[in-house]
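A.B. asks: Okay, here's what each chain looks like letter by letter:
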Amino acid sequence: MHLPFYLYLPIAGNSVNMLFILGLGGFVGLLSGIFGVGGGFLMTPLLIMIGIPPTVAAASDSNQIVGASTSGTIAHFRMGNVDFKMGFLLLLGGVTGGTVGVQIIKILRHLGNADFLISVTYVLMLGIIGSYMFQESYRSLRSSRAAQAAPASANPARPSAYARLVASLPFQTEFPRSGVRMSLLMPLLLGILVGILAAIMGVGGGFIMVPVMVYLLRMPMHVVVGTSLFQILFTCIDVTIMQSYTNHTVDFVLAFLLLLGSTAGAQVGARISKRLKGDQLKIILAVLVLAVMVKMLLGLLLTPDVLVAEAGGH
Amino acid sequence: MRRARLILWIMAITGCLTLMGTSFTRAMDVTVRPQAFEIGTFYNGTTLNVEGRVGADQDVVVRFVGVPADLHLKMKGKVLGCLWMNRGSVDFQGVPNVFVVYLPKPWEALGPADSRDGESIWHLGLEGLESRVTLEPQDEDKHLLFRELLKLKRKQRLYQEEMGSIRYGSEDQGQRTFQVSLKIPARLTEGDYHLEVYAVSNGRVAESASVPIRARLVGAPAFIKKMAYQHALLHGVLATLVAIFGGLLMGFLVGTGKGAH
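The listed protein sequences correspond, in order, to chains F and P.
In this text, residue positions in the first sequence follow my numbering: the first is 33, and each later residue adds one.
In this text, residue positions in the second sequence follow my numbering: the first is 740, and each later residue adds one.
Worth flagging that the hints you see were computed from the coordinates, not collected in a lab.
For glycine and all other residues, C-beta sits at the position ideal for the given N, C-alpha and C.
Hints may contain errors.
To be verified - In silico DMTMM-like pairs for lysine to aspartate or glutamate, Cα to Cα no more than 20 Å straight-line:
hint: 1; chain 1: P; residue 1: K890; chain 2: F; residue 2: E206
hint: 2; chain 1: P; residue 1: K815; chain 2: P; residue 2: D830
hint: 3; chain 1: P; residue 1: K817; chain 2: P; residue 2: E900
hint: 4; chain 1: P; residue 1: K894; chain 2: P; residue 2: E935
hint: 5; chain 1: P; residue 1: K817; chain 2: F; residue 2: D270
hint: 6; chain 1: P; residue 1: K890; chain 2: P; residue 2: E866
hint: 7; chain 1: P; residue 1: K894; chain 2: F; residue 2: E342
hint: 8; chain 1: P; residue 1: K894; chain 2: F; residue 2: E168
hint: 9; chain 1: P; residue 1: K813; chain 2: P; residue 2: D911
hint: 10; chain 1: P; residue 1: K881; chain 2: F; residue 2: D270
hint: 11; chain 1: P; residue 1: K890; chain 2: P; residue 2: E935
hint: 12; chain 1: P; residue 1: K965; chain 2: P; residue 2: E777
hint: 13; chain 1: P; residue 1: K890; chain 2: F; residue 2: E168
hint: 14; chain 1: P; residue 1: K815; chain 2: F; residue 2: E168
hint: 15; chain 1: P; residue 1: K844; chain 2: P; residue 2: D880
hint: 16; chain 1: P; residue 1: K813; chain 2: F; residue 2: E168
hint: 17; chain 1: P; residue 1: K817; chain 2: P; residue 2: E935
hint: 18; chain 1: P; residue 1: K815; chain 2: F; residue 2: D270
hint: 19; chain 1: P; residue 1: K817; chain 2: F; residue 2: E168
hint: 20; chain 1: P; residue 1: K815; chain 2: P; residue 2: E879
hint: 21; chain 1: P; residue 1: K881; chain 2: F; residue 2: E342
hint: 22; chain 1: P; residue 1: K813; chain 2: P; residue 2: E935
hint: 23; chain 1: P; residue 1: K813; chain 2: F; residue 2: D337
hint: 24; chain 1: P; residue 1: K890; chain 2: P; residue 2: E900
hint: 25; chain 1: P; residue 1: K881; chain 2: P; residue 2: D830
hint: 26; chain 1: P; residue 1: K922; chain 2: P; residue 2: D830
hint: 27; chain 1: P; residue 1: K844; chain 2: P; residue 2: E777
hint: 28; chain 1: P; residue 1: K922; chain 2: P; residue 2: E900
hint: 29; chain 1: P; residue 1: K813; chain 2: P; residue 2: E900
Claimed, not checked - Chain P residues, not near chain F, derived (Cβ > 10 Å throughout):
hint: 30; residue: M767
hint: 31; residue: T780
hint: 32; residue: S940
hint: 33; residue: G975
hint: 34; residue: A982
Unchecked claim - Here are a few chain F residues that sit away from chain P, every Cβ distance over 10 Å (derived from the structure):
hint: 35; residue: Y38
hint: 36; residue: G99
hint: 37; residue: V127
hint: 38; residue: T128
hint: 39; residue: L140
hint: 40; residue: T153
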């Protein structure tokens, strides 16, 4: 019996192999479930490579992330890994920051050097975040081995200047799920910062949000992943509806195929995430961030195959 | 008297039309099947069968061409002497979205390449498109950017030059039949296209024919596209709901009972 493996995508204006799209969704969903990132940095270029127009690839990817992050959020919620209070505050800040970031981009484009600033910011951010995460988690893994060998010190270390600053801010509150106490202003302001950067860089922000939660909000890694997915879910709902309404670039069929693969991948990813230690997760994510940074850097340094390109994409 | 004058007028008009006709190429007898095709759920490209007769000393060039349109592209350039990134944009005018050319042998073998006037076969290929495409802003290097446009379109498999796929029949009374199965790309949108056949001899176009081809969206793709453009907000909300329910369903199917602590 002949099975039709190719499906025509009316908005993308191209036909795709269904099995390939399911596999692609599964792979990116797996990463999403493990690390709590949306996966747009990986999915969009892969979709463009198989002939999906960049604008359609980016918008449809956001649509499928809605499905993958719903599935991932539920899987992490079942495991007690979603801090809703923290997530709402970050989301509120993220939406505000995103709006400000869009205005900044408009000004930069008017000045004529937006693309240069975006590319350099992207590489620098990924390089700094990736290197710091790698170093910190490597040191942490080594020290945890040393701690197992030697007894803990009787005198705890003096809190850092950052910790004292966080403790001195008003509106202190408990975040029981994350096991931290801090000012409401912290997640709100950091959410705004990430929102601005995400809008400038044209990505969902998972790559920046996860390290911010780990290092600046001091949340446990497993709660970070679940809470990040929860926040990404709402960001991508907003992007899907806006892209569909203003640009007509959401390909419903493509997104549905991708989400079938990615939701299954996200479930598997969430289980893998639970089995890995926090530091192991951080070090793998650091490697992934650095790999993306190297890929972007090569893209900037090597002569492109074609010197013209269609507009759109991340 | 009046009838004689009418006949003279008709003869004069017919004569003028005949003279005008000789300034163009003569029409050919060509059969194309199908002349319309549907783009449905499982569309993955299609094939047009083209048949006809040409002079025994002539060759055939077949083209499948989209309607010329404007194309806005980002332009890449070096910043600080080492970083490649987008540096502005260019607008091409008169660019067909698809341009597939089938020829029996290389262009050089079809005639001398030095002649580039209006009836030269040079105009039939991808290279010949450059003269019909305009560029905005005009101070950019048109030749260089056109080469890059060709690279981009070739990469997308929308512009192709296929060689050796035209089959000729045996000669009969100074003529021979030809047949070609022209593959239409999968990356195609609904709209009007043209199938053009050129009989060429010694590097020049002797006869030609053009058959309009219609590609029409049907079934689910037609419904989805209509909704995306005519009910955009509903489409966005529906796409979101389907994604959420898809996520919930898959979460239930894959994760029930196993993902809990």
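A.B. asks: Now tell me, hint by hint, if it's right for this structure.
C.D. replies: Okay, the hints, checked on the actual structure:
Proposed proximity of K890 of chain P and E206 of chain F is contradicted: the alpha carbons are some 58 Å apart, above 20 Å. For the proposed pair K815 of chain P and D830 of chain P, the alpha carbon gap of about 14 Å is at most 20 Å, so the pair holds. The hinted pair formed by K817 of chain P and E900 of chain P fails the criterion: a straight-line CA distance of about 31 Å is larger than 20 Å. A C-alpha spacing of about 23 Å is found between K894 of chain P and E935 of chain P, which places the hinted pair above 20 Å, so the restraint is violated.
For the given pair, K817 of chain P sits about 35 Å from D270 of chain F by alpha-carbon distance, which is inconsistent with the 20 Å threshold. For the given pair, K890 of chain P sits about 12 Å from E866 of chain P by alpha-carbon distance, which is consistent with the 20 Å threshold. Between K894 of chain P and E342 of chain F the alpha-carbon distance is near 12 Å, which keeps this suggested pair within the 20 Å criterion. With a C-alpha separation of about 43 Å, the suggested pairing of K894 of chain P with E168 of chain F is violated against the 20 Å cut-off.
In summary, the hint linking K813 of chain P to D911 of chain P is not supported, as the alpha carbons are separated by about 53 Å, beyond the 20 Å threshold. Pair hint K881 of chain P plus D270 of chain F does not hold up; C-alpha atoms about 41 Å apart against a cutoff of 20 Å. Proximity of K890 of chain P to E935 of chain P is assessed by CA-CA distance (about 23 Å); at most 20 Å being required, the pair is judged violated. A distance of roughly 16 Å separates the Cα atoms of K965 of chain P and E777 of chain P; the hinted pair therefore holds under the 20 Å criterion.
Annotation: proposed proximity of K890 of chain P to E168 of chain F is violated, straight-line Cα distance about 45 Å (limit 20 Å). A C-alpha spacing of about 37 Å is found between K815 of chain P and E168 of chain F, which places the hinted pair above 20 Å, so the restraint is violated. Our distance criterion of 20 Å between C-alpha atoms is broken by K844 of chain P and D880 of chain P, whose separation comes to about 31 Å. Restraint check: the Cα-Cα separation between K813 of chain P and E168 of chain F comes to about 40 Å, which exceeds 20 Å; the hinted pair is violated.
For the given pair, K817 of chain P sits about 41 Å from E935 of chain P by alpha-carbon distance, which is inconsistent with the 20 Å threshold. Annotation: proposed proximity of K815 of chain P to D270 of chain F is violated, straight-line Cα distance about 31 Å (limit 20 Å). Distance check on the hinted pair: K817 of chain P and E168 of chain F sit about 36 Å apart at the alpha-carbon level, beyond 20 Å; violated. Of the pairs offered as hints, the one joining K815 of chain P and E879 of chain P holds, with about 13 Å between alpha carbons and a cut-off of 20 Å not exceeded.
In summary, the hint linking K881 of chain P to E342 of chain F is supported, as the alpha carbons are separated by about 17 Å, within the 20 Å threshold. Pair hint K813 of chain P plus E935 of chain P does not hold up; C-alpha atoms about 31 Å apart against a cutoff of 20 Å. Our distance criterion of 20 Å between C-alpha atoms is met by K813 of chain P and D337 of chain F, whose separation comes to about 14 Å. Our distance criterion of 20 Å between C-alpha atoms is met by K890 of chain P and E900 of chain P, whose separation comes to about 13 Å.
Among the hinted pairs, K881 of chain P with D830 of chain P is consistent with the structure: their alpha-carbon atoms are about 11 Å apart, no more than 20 Å. The hinted pair formed by K922 of chain P and D830 of chain P fails the criterion: a straight-line CA distance of about 29 Å is larger than 20 Å. Simply put, K844 of chain P and E777 of chain P have alpha-carbon atoms about 31 Å apart, too far for the 20 Å limit, and the pair is violated. Only pairs whose Cα atoms come within 20 Å are accepted, and K922 of chain P paired with E900 of chain P is accepted, the gap being roughly 11 Å.
At roughly 25 Å between alpha-carbon atoms, K813 of chain P and E900 of chain P are farther apart than 20 Å, so this suggested pair is violated. Interface exclusion of M767 of chain P from chain F stands, the closest Cβ pair being 32 Å apart, more than 10 Å. A beta-carbon of chain F comes within 10 Å of the beta-carbon of T780 of chain P; the shortest separation is about 6 Å. The non-interface label for S940 of chain P is consistent with chain F: the shortest C-beta to C-beta separation is roughly 36 Å, beyond 10 Å.
The claim that G975 of chain P is not at the interface with chain F is violated, since a C-beta of that chain comes within 10 Å of its own (minimum 3 Å). Not every beta carbon of chain F lies more than 10 Å from that of A982 of chain P, the smallest distance being close to 4 Å; the non-interface claim is violated. Consistency note on Y38 of chain F: stated as away from chain P, yet its beta-carbon is not over 10 Å from all of that chain's, at 4 Å minimum. At roughly 4 Å, the least C-beta separation between G99 of chain F and chain P is not larger than 10 Å, which violates its mark as non-interface.
Every C-beta of chain P lies more than 10 Å from that of V127 of chain F, the closest at about 16 Å, which supports listing it as non-interface. With a least beta-carbon separation of about 22 Å from chain P, T128 of chain F lies farther than 10 Å from that chain, consistent with its non-interface assignment. L140 of chain F, annotated as away from the interface, keeps every beta carbon of chain P farther than 10 Å; the closest lies near 13 Å. Distance to chain P confirms T153 of chain F as a non-interface residue, since its nearest Cβ pair spans about 12 Å, more than 10 Å.
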